[in-house]
Amino acid sequence: MTNYELILPILLPLLSGIILIAFWGRVNAQRIISAISGFLSVIFAVQLFLTVREEGIISIQAGGWEAPFGITFVCDTFSATLVLLTAIVGLAVILFSMVSINKARMRFGYFAMIHFLLLGLNGAFLTGDIFNLYVWFEIIIISSFVLLTIGGEKRQLEGAINYVTMNLLSSVIFLTAIAILYGLAGTLNMADLSQHIANHPNRGLVQTTAILFFVAFGIKSAVFPLYFWLPSAYHTPPSAIGAVFGGLLTKVGIYALLRTFSLIFIPDPFLSNVLIAVACLSLLSGGLGAIAQQNNFRKLISYLIVCHIGFMVAGLGIYTEWALMGAIFYLIHDIIVKTNIFLISGLILKIKGTVNLKKLGGLYRSYPKLSFVMAIAIFSLVGVPPLSGFWPKLFLFEASFTNQEYLLTAFLIFGSFITLYIMARAWVEIFWKPSEGRQAMGRPFIYFDNMRILKKWVLVTPIVFLTGVSVYIGLGAEHIVQLAQDIATNLMNPEPYIEAVLPKMNK
Amino acid sequence: MMLRRSLVKLILGLILLGNGANLLIFLVGRLNSEQPPIIPADAKMLVEAYADPIPQALILTAIVISFGLQSFAIVTLKKVYREVGTDDLDIIDRRDQQ
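These protein sequence lines are chains C and Z, in that order.
Take the first sequence: its position 367, counted from the start at 1, is 367 in the numbering used here, and no numbers get skipped.
Take the second sequence: its position 25, counted from the start at 1, is 1025 in the numbering used here, and no numbers get skipped.
Chain C extracted, bound-state conformation:
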């Protein structure tokens, strides 16, 4: 039986991307097609999610070649959740960018690139083959290059140099790691690898490969020593693009880390310690970096990405079911909230003409309802109790405490306090401080005030929608906890995953 649900989230963005290229230069047609495709992908993702929840892990062998010879696509709860989140974020960003991205960018294939990016993300989440994962990563980075440089502003290009170089480097390292892994095990199927590597006699080489993978994915997800490209690149493109990058691109690195390290390289004490140390330092350096960024709101949240990646790596480093659950919950929460914060920064830019904290202010007076929505998003990022950021942090604290990683606990608490401090300060600067009027922008620039009512709604709706999702994650936490726990159990015990991919090998 073929599971078409599984392949739809990949085919849909591919098709719509191609169709969008056919509509090159016709902006309105592109907007409509993108929106339709965005809605459809949410529907497909929900369908996939429900199927996986009901029937368990589903898989499909490309071209009918049995694993481990053919390329496998496999979807467990973890993948399905991430595909769903990608679709939600994708829809929100597409809607937001219909108004916020200027026409010149749209004419040069902005929407097509967003769809190719989503294609790459879905592919990476669904593939069961490590080389295929590499190919999806390349699709992701090439479309992100274009998105980063589209428009060709000077500062965008300068940010792009770092970004392009680091990503090319990371894919070469990834490729090297795959090469060694193939040499060790003679297979590329992740489920098959899991069986081969677990009993491989040459532990030293296995560990080296694991570190290589960690470096490759670490560059993508911007962990401690490898994060410096991120703050210099993420704040340069328009905020809708920043939202996809901040919400999803770093997270795909985390997904790959979680997947490979739970399936192929089970962390031993040494690896665990490395991961925990990296997590601590990411929390520290991301937090301090954000404090040092006094003025630029978007640069500030870029550093916070680094800081919060620390939480997830910490969960992987502890490697107990409880900790993984915390990490996964955090991942779910972070994708939604980070995207939302970036979109909010875009909205602030539209209202005020700047994201410089010193020049902002008085937003609460002029837009009380909007400020309330933004407040919810900001507080969920901080993790004020009933909101979504609170629960995963609680799990992670508990997990690190019960595993006698007291230093890590200290760093985790430090990370949350820094977030609290920074967001509180940003809140005061943006919303409470008396207004200084808006900044004049040189280019043709439509302020939020002067927009037509429909456009205003198109800008505000995605933010309200994402805030609603994060409120649900917070208030309906028991569902998410259940989900995260299932995922964590699956990650800790990969046998069902392996069986779903290789039905005959275990007989």
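Since the hints were made in silico from the structure, they are not lab data.
This structure is a prediction, so every number in the text was calculated from the model and none was measured.
Derived CB-CB ranges, DEER-like:
1. S1071/Z - N28/C: 28 to 36 Å
2. K1079/Z - K369/C: 36 to 44 Å
3. L1060/Z - I453/C: 48 to 56 Å
4. V1008/Z - F397/C: 44 to 52 Å
5. L1027/Z - E398/C: 43 to 51 Å
In silico EDC-like cross-links for lysine to aspartate or glutamate, where the CA-CA straight-line distance does not exceed 20 Å:
6. K1009/Z - D1088/Z
7. K1079/Z - E153/C
8. K1009/Z - E1083/Z
9. K154/C - E1083/Z
10. K154/C - D1088/Z
11. K1078/Z - E153/C
Glycine is no exception: its CB is placed at the ideal position from the N, C-alpha and C atoms.
Given chain C's structure and the hints, the job is docking chain Z onto it.
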């Protein structure tokens, strides 16, 4: 070469590194000559040791991908050069800080 300040040398370094990775795949793929993985007409399966065909497929994919990426990188760097007027990374960096 990736540590040099010149953008052109940066690209050259990246290309070299990519080729190195491709060669590595070849090496770890248990290379041996004159044993093509082709099943003779009168047999059902391969009996003797044979060269693994997968590394070739991997390298081919990797080459195609890196070709695309590198050409994009070169165009980007050219654009940067035209906008900024220098190919010295230090100078670009200093402007970035301001």
